[in-house]
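Each chain is listed here by its residues.
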Amino acid sequence: MSRYTSPGLAQATWLIAEREIRMRLRSKAFLISTGILLLMVLASVLFGGFASQNVDLPKVAAVGSAVAVAEDTGALEVTEAATVEEAEELVRSEEVEAALVPDPDAPLELTVIGLDEAPTSVLAVLSVTPGIEVLEPSGQNPFLIYLVALGFGLVFFVSALTFGSIIAQSVVEEKQTRIVEILMATVPVRALMAGKVLGNSILAFGQIALIAVLAGVGMLASGQDLLLADIGPSLVWFVVFFLFGFVLLAALFAATAALVSRVEDVGSVTSPVTMLVMIPYFLVIFFNDNPVVLGVMSYVPFSAPVGMPMRVFLGTAEWWEPLLSLGILVATTALVVWIGERMYRNSLLRTGARVTLKEALVG
Amino acid sequence: MCPAWRIRSVELMLELHSINRSFGDRRVLTDVAFSVTGGRMTGFVGGNGAGKTTTMRIILGVLAPDSGSVTLDGSPLTAEARTRFGYMPEERGLYPKMKVAEQVTYIGRLHGMPTEDAKRNTMELLERLGLGERANDTVESLSLGNQQRAQIAAALVHEPEVLVLDEPFSGLDPMAVEVVQGVLKDFAAKGAPVLFSSHQLDIVERLCDDLIVIADGEIRAAGSRETLREAHAPGLYELTVAGDTGWLRSEPGVRVVDFDGGHAVFETDSTETAQRVLKRAAASGDVQRFAPRQPSLAQIFKEVVQ
Chain A
44 MSRYTSPGLA QATWLIAERE IRMRLRSKAF LISTGILLLM VLASVLFGGF ASQNVDLPKV
104 AAVGSAVAVA EDTGALEVTE AATVEEAEEL VRSEEVEAAL VPDPDAPLEL TVIGLDEAPT
164 SVLAVLSVTP GIEVLEPSGQ NPFLIYLVAL GFGLVFFVSA LTFGSIIAQS VVEEKQTRIV
224 EILMATVPVR ALMAGKVLGN SILAFGQIAL IAVLAGVGML ASGQDLLLAD IGPSLVWFVV
284 FFLFGFVLLA ALFAATAALV SRVEDVGSVT SPVTMLVMIP YFLVIFFNDN PVVLGVMSYV
344 PFSAPVGMPM RVFLGTAEWW EPLLSLGILV ATTALVVWIG ERMYRNSLLR TGARVTLKEA
404 LVG
Chain B
61 MCPAWRIRSV ELMLELHSIN RSFGDRRVLT DVAFSVTGGR MTGFVGGNGA GKTTTMRIIL
121 GVLAPDSGSV TLDGSPLTAE ARTRFGYMPE ERGLYPKMKV AEQVTYIGRL HGMPTEDAKR
181 NTMELLERLG LGERANDTVE SLSLGNQQRA QIAAALVHEP EVLVLDEPFS GLDPMAVEVV
241 QGVLKDFAAK GAPVLFSSHQ LDIVERLCDD LIVIADGEIR AAGSRETLRE AHAPGLYELT
301 VAGDTGWLRS EPGVRVVDFD GGHAVFETDS TETAQRVLKR AAASGDVQRF APRQPSLAQI
361 FKEVVQ
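So the protein sequences, as listed, match chains A and B. For the numbering used here, add 43 to where a residue sits in the first sequence, where the first one is 1. For the numbering used here, add 60 to where a residue sits in the second sequence, where the first one is 1.
Just so you know, the hints here were simulated from the structure itself, not pulled from any lab data. Incorrect hints may have been included.
[Said to hold, decoys possible] Derived DEER-like restraints, expressed as beta-carbon distance ranges:
#1 B/84 / A/275: 50 to 60 Å
#2 B/259 / A/282: 51 to 61 Å
#3 B/133 / A/79: 36 to 46 Å
#4 B/151 / A/64: 22 to 32 Å
#5 A/306 / B/190: 43 to 53 Å
[To be verified] Chain B is nowhere near these chain A residues, computed Cβ spacing over 12 Å in every case:
#6 58
#7 120
#8 168
#9 225
#10 226
#11 308
#12 312
#13 367
#14 378
We put the CB at the ideal spot given by N, CA and C, even for glycine.
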């Protein structure tokens, strides 16, 4: 008898996963694109920090008694002009947003002169506002909401697409080079697919973790700790959802890619899966202020990894909602992995023409 | 160069029992049954599309038969037992961007070898197959012949107990064929059943102890090389004498196949007739040569396939 006994399912899976990771980390293209992605994240966090600190006051030119009124507001950067004509000239040359000139007949005894429209930012400073009370403050400014939506959407979109297509390529590469027959004779097909999904999930997850850490450190470094406290919980949910959501997509990429035999055909055969990745991205960007769309998104397995963290961030999700949605996602993932494995197994030895969905499912 | 495992000698018997397989409406294998005996090299020959590759895939469990079974020493093959097989598929495949040694080691580890053992066996095999210097080159940078050697190393790295090799000699130069033959014979000598297919009948003729001929998904002939030869050349003899052999024509029970003065090839109805002919030839002059005529494998192949 041979001294060697076949590795268990777990060990075989890990060997496959390890090779996927090793080969990926050896690829210069992968390392460079990861570096660029990380730099972009760091740059945008830092840029966001600086931009929020340097809010410019509206610039105005003031004439005579208007100078004192303008300076009293404390919210305008005032340039003194000797005459009304000189002040108007400054407006025309766009050195200031508006000119304030004395006008005894007008309210506040001032007239505000704009260039081509009423200078709203200046008017807002000068206007008298009644007392304001908001019963249910949303607590977040719309621009920030948009940024967070963009962040979740983009990160999920880019990672799922990058690693999804890496998995697809790797499946077809094994089919095209025929090594798959040796692999099938050596390890269970289940280990083959699981190893691929696991290896690439680890890479994707590592990349996401790096991005999250970098974003967190960047926010702290640029004095945005308040923002970090705001985003924190949704960030944690995002990571958890990403984990399962990614496995779901990875299984779909592996199963569909197994239908073709040439790397050139990967793009067309995986395009339905690619759509599943793109749709949540566009939905969250266009409908991040629409509670109905977000509500649906947060329960549909393919968009939950983006939709649910978004709702957690907005504070519109009850405490049990992420758990329920996660349950749905995990169940769907298990089902899709089961079907995917079947398609994968039935397609691996069929080279040449594209395997039809029916052949792949029935065997 | 001679680690402990090379001394092992346990003879195993691989058997196929009436295997049937169809792809859709097309029947590829019909009641395929044969055995591969441990310690012997078994050649598997058949034309294109005869069913060799399908049979081998079924032995390895890559494909499932519609009916029938494969047993090793009488017990049905399990996935566990199959990992101790060495398999070389017809469609060659290795990862193009992986280094040769790294790749062979990886396949060894997939078979459950500890990394150290896998590395050691890999280097030994690559040295023996003349690929030692290319161990750290990527597979895609190798010539086709060298890729083939790497493929053989990948099939043997885990000290398999049974070898199933689809066309192991295709694409090899004569030197490499010699080396690979030596390696395979060593495995057989340790008691491993070795089944290999080849289109190069002269190699099969030189190398195999047993022979299996398949055509249209059916086994047409199976047995030891000698048995097959005798079965397909009943009573064919060759005679060369100093004088003339014309008298053969009038000898009862003899049919002359080929005749040229002192040389004749003839068919006899029994060994007694052959002995009688030899005595008469010896009585009429010097016999330079008298021998049963061995048909070549190519002839047997043509005969059983038709």
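(request) Report the numbers of all earlier hints that the structure fails to satisfy, in ascending order. (result) 3, 5, 6, 9, 10
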